[in-house]
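So for the sequence shown, my numbering puts the first residue at 25; every next one is plus one.
Simulated from the structure, these hints should not be mistaken for laboratory data. Keep in mind that the hints are not guaranteed to be accurate.
Unchecked claim - With a straight-line cut-off of 25 angstroms between C-alpha atoms, the simulated PhoX-like cross-links for lysine-lysine are: (1) K30 / K41; (2) K52 / K80; (3) K94 / K52; (4) K80 / K42; (5) K42 / K52; (6) K94 / K31; (7) K80 / K94; (8) K41 / K31; (9) K42 / K31; (10) K80 / K30; (11) K94 / K42; (12) K52 / K41; (13) K80 / K41; (14) K94 / K30.
To be verified - So the derived label-pair ranges between C-beta atoms look like this: (15) N89 / V54: 17 to 27 angstroms; (16) Q53 / H107: 34 to 44 angstroms; (17) W58 / G92: 12 to 22 angstroms.
Fair warning: this is a prediction, and the values are worked out from it, not measured in the lab. Each residue gets a CB set at the ideal place from its N, CA and C atoms; glycine is no exception.
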Amino acid sequence: MARSVKKGPFVDQHLLKKIAAISESRQKQVIRTWSRRSTVTPEMVGLTIGVHNGRKFIPVFVGENMVGHKLGEFAPTRTFFAH
Numbered sequence: 025m026a027r028s029v030k031k032g033p034f035v036d037q038h039l040l041k042k043i044a045a046i047s048e049s050r051q052k053q054v055i056r057t058w059s060r061r062s063t064v065t066p067e068m069v070g071l072t073i074g075v076h077n078g079r080k081f082i083p084v085f086v087g088e089n090m091v092g093h094k095l096g097e098f099a100p101t102r103t104f105f106a107h
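Using the sequences plus the hints, can you model the full thing?
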């Protein structure tokens, strides 16, 4: 079920604060977050976000085609072992 347009996309407040601080200082550093449920917004384009997969942080470079998706989609939590 999709989220209501009236409510808008969900992004954790602590992640928004980190993004604003990095954008303001114009630094190129990885923003580490555990918030896999946050939606990618246009403000995140061009940033590298380290998304936690349960074991380590996976660096995800956010592009324009990722807007509207969740951060957790780009950091898989399970590894595939072929038998």
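Hints and how they fare:
1. K30 / K41: It holds: about 23 angstroms lies between the C-alpha atoms, which stays within 25 angstroms.
2. K52 / K80: 20 angstroms, holds
3. K94 / K52: Holds, because 22 angstroms separates the two Cα atoms, which is no more than 25 angstroms.
4. K80 / K42: At roughly 19 angstroms apart (the allowed maximum being 25 angstroms), K42 and K80 satisfy the hint.
5. K42 / K52: Roughly 13 angstroms between the alpha carbons, so the hint for K42 and K52 holds.
6. K94 / K31: 16 angstroms, holds
7. K80 / K94: OK: K80 and K94 at ~18 angstroms, within 25 angstroms.
8. K41 / K31: 20 angstroms, holds
9. K42 / K31: Measuring from Cα to Cα gives roughly 22 angstroms; hence the hint holds.
10. K80 / K30: 35 angstroms, violated
11. K94 / K42: 17 angstroms, holds
12. K52 / K41: 16 angstroms, holds
13. K80 / K41: OK: K80 and K41 at ~22 angstroms, within 25 angstroms.
14. K94 / K30: 18 angstroms, holds
15. N89 / V54: 17 to 27 angstroms: Taking Cβ atoms as reference, N89 and V54 lie about 20 angstroms apart, which means the hint holds.
16. Q53 / H107: 34 to 44 angstroms: With a Cβ separation near 40 angstroms, Q53 and H107 satisfy 34 to 44 angstroms, so the hint holds.
17. W58 / G92: 12 to 22 angstroms: Given range 12 to 22 angstroms: holds, Cβ gap about 21 angstroms.
When each numbered hint is compared with the structure, a violation occurs for hint 10 only.
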